[in-house]
Amino acid sequence: MTIKKLNYNTMKRKSIKLILSLILMTIVSCDEPVTVVTNIVHPDGSVARKIEMRSLKNISGSGSIQVPFNDTWKIKDSISINEKGDTTWIKSAEKLFKNVDEINMEYKQDTGVNKSISRFTGFKKTFRWFNTEYRFSESIDKKLSFGYPIKDFLNSEELAYFYSPENMKKERENGPDSTRYKALNDSVTRKTEYWGAKNLVSEWIGEFSRIAGGYVTSEMTMQSLKPREDEFISVIKANEAKFDSLWSNGILFKQFFGEANALKYKTEADSAAAIVEKNFFVDFKEYSVRIAMPGKLTGTNGFIDSSKVLVWPVKSDFFQTEPYEMWAESKIPNVWAWIVSGLFLVFVATGVIIRINKKG
Amino acid sequence: MIMVTEDNKYKSVINILKKSTPVPDSAEEVEREVIKRVSKIPHQGMNISDVTDFLFGWVYIGWVRRSLIAASIILVLVFIYQQGIILKQINYLSRQTVVVDGAASFNPESAIEKRLMMYKMNGRRFASKKITISEKQMEEIIDSVNALQIKYKDLINLINEDPELKNYIEKKLIENDHKKIKL
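These protein sequence lines are chains A and F, in that order. Residue numbers for the first sequence follow our numbering, so the first one is 18 and each next one is one higher. Residue numbers for the second sequence follow our numbering, so the first one is 180 and each next one is one higher.
The following block holds chain F by itself, in its conformation from the complex (with noise of 0.2 Å):
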């Protein structure tokens, strides 16, 4: 009998409750306090500002600031640097290399006596070499060339001598300077 009594009494309550509906006093002040409260609500998602935070936020860091600043003169100054020396040693080279045209040849007459100053130091043996001709005729090959040199030097000395021989040789040898000889 108390237990229904007290049920009547709760369901009287709230239907009284349902009926009297608020009434706000500023619907503004309303849209206002939901706007604020919303908004204290944090976002899911990042905007630009946040990703600008998130990259940058080592300037407001001071030894951090200072160091990636520095790097960056450094790197700046390395780079000058480096493209400088660079550049130098290419307008060196191009001012010191010389083309030259083909591939480098020989000079087969300095080659030639060396063989020669060998061939005496040796003892006048070939070492290693296939000859076709005797020790014999390389002596006398040897002994002419000498001979051959003390003559030359008296046909020097004859022309040393003779003023009108020696200008007549020297415009000779001046024309033959200007014309290539075919072997």
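Looking at chain A on its own, in the form it has when it is part of the complex (with noise of 0.2 Å):
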């Protein structure tokens, strides 16, 4: 009954998202494509970076581009034809980078549609005499100030969840232990709507509070607003179908606050509200990050993928509040230090011998 029951919670959430989806899917230009990124790490820093972008448009111009490339790349267009008769348009990109500084320059220049993320790649190796180890990362700087860590709303299987890419989700919410997976991914959409929310209003506190400085009454200081947040969120749930209009006419904030201080702050209150919406509802385009490293994988925190190499989605959420990082491990043994070893420890031991032979 209870399995009954959540199923039925999961249908009706999906259902709503379902008609939401299909009627702005007609109004709302979904031309961006789907785009993967694979960076080919070599020993000696150097990165080959590849990128893939499919879509069902033809890919022209630098907005609807996710990850920044130019004429000095190797670019390549095709097309791909199902049986149906459905194209494809394929864009590909390669370029030789000799280290990854030559990256986070192109970073910086980016002038895609992903341009207002802060990007970078880091590539680090370390002698260790048997081996020399190798650390290469993708990471994204977080966005909000004032926001939660996910961690602290999601267990640990629920943040494997969350960090998953949407295809292994869709396997398992479809795979033998369906029912499990359903009531995770219930529970996951469920703490992650209330964070999302918990954000939104942390964020408008925190920057109402810088903006407001020292000049507040005591009870808009930022220590008397932290502890009414939950009580924000359950206001603007209740709004949320007109809560522009509320919002603009003032009838939140005197409720929040009471008609004096809405009338008082209002000005401050626009103006974090107006950084929070920046902040916070980032125009992102998501895409795919996939790291081959040199040698064996030692350690990493992504996913892997059917053709063995790394796999990484990169989606809004899992940068809003703590930076974002897809980093990878990976170690190639020194063949000689480990020659030069054995040499020294037979000759030690063979000296040893002798001694002892002379001695006796």
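One should not assume that every hint holds.
Stated by the list, open to error - Here are the simulated distance ranges between beta carbons: (1) A/P193 / F/A249: 49 to 59 Å; (2) F/A326 / A/N191: 27 to 37 Å; (3) A/V363 / F/S228: 15 to 25 Å; (4) F/A326 / A/Q272: 51 to 61 Å.
Everything labelled a hint here was simulated from the structure, so no lab data went into it. Every residue, glycine too, gets a C-beta built ideally from N, C-alpha and C.
Both chains come to you apart, so use the hints to assemble them.
Right under this line is the structure:
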């Protein structure tokens, strides 16, 4: 009975999402291509970077490009037509970077659709005598200054599910353990919705306190507003449908802080809301990052795709309140060091044996 | 005259000495003496013993011997530690990472929902996007969605109140779960 109820609730949520999606798909253009960027890391620190974009429309201009590339790249355009006659436009770009600094330079000069986020790569090579260790990472800076880390809201299983690629989630939800994963998905969705609302309110409080500074009454200080976060969230949820008009008319603000404060701090409240809107609702186009490391892989926070390459989905939720780092570590054995060490051990052992024999 | 006499004397002495050859007491003794003397002459080349003495001379110097043995032990320990750590990491990875079939895909539902929220928060304006419908039409769609949500809630309440209908819908939803929908 509990499981049935759970399924039913999940489907309720899914159905409303589907209705919204179908309506909005017709009006909001989804022209961004499905993009996968692959970094092939070499032991000398150079990185061969490949970008592949697939779209149902012809890919042109930088407006829809998630990962930056320019004329210095080797660019190839092609089309693929399936048995149904559907055409897919494929654009692939490839370039060998001498080091990560060159990649970071391109990120800084990005004019694409994701230019508002700060992205950078890192490479570290450590000599450990028997082995040389390599670490490569692609990172994105966090967007919110006053948000809460997602790990405060999800347990370890939910956290792993939250960062999973969508196709893996779907595969699990349709697999033999589907009931468990649907329940997990429902729990993650519910908790992340609350996390999002909490971040929104927390960010507004933080920005408002920063703008208003020390010139606020005692009930408008950060210390006074923070404990009221859940109260604000419930008011927003109750008025979600007409949130914008209620906010612009000052009705919500009056409800939160009283008429006197609403009039006194209207400018500061609106400025804070504008900053929150800019940081919170990042117009970010998702893509995937793949990393191929030199030698044997020893550590990562990513997933392994069907071609045995590490893969990470990149979604705006992942870097909202904490920096999102996609990292991989590997090692290559130093054969010469193994030979030198072996010879040294044989040399010392022989010396010791000779001494024992002479002594005897 | 005197010079001639001395010269003769010298020659006669030499002749006497030449004629009187020494008679060795023991040939073996002489042989031993020769070998003994020859063996005392230093060799120009090196034999195995010399090489061994040269390479492993350190074994007779206490502090060098102890240092090299300590270095060997440290080297072995470092090797065991490093390989142990790597093995542990690889085992952990093989247990933790999940093989994903194909590259990561995205959930368009969440992206569209976020855009709707963004649109609402943005005072119902499109920032830098091209739009093929009017703002009024967009308003109508948002209002329709809101109205639809209210009707949807009513429908859910209706289903909840009728157990027979609820069971029927649940059954249908479970059936649909096992079917793949092609859009």
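Comparing the hints with the structure gives:
1. A/P193 / F/A249: 49 to 59 Å: At 57 Å between Cβs, range holds.
2. F/A326 / A/N191: 27 to 37 Å: Between F/A326 and A/N191, where Cβ atoms are some 33 Å apart, the hint holds.
3. A/V363 / F/S228: 15 to 25 Å: Once the Cβ atoms are compared, 20 Å apart, the range 15 to 25 Å for F/S228 and A/V363 holds.
4. F/A326 / A/Q272: 51 to 61 Å: Hint violated: Cβ distance 24 Å, outside 51 to 61 Å.
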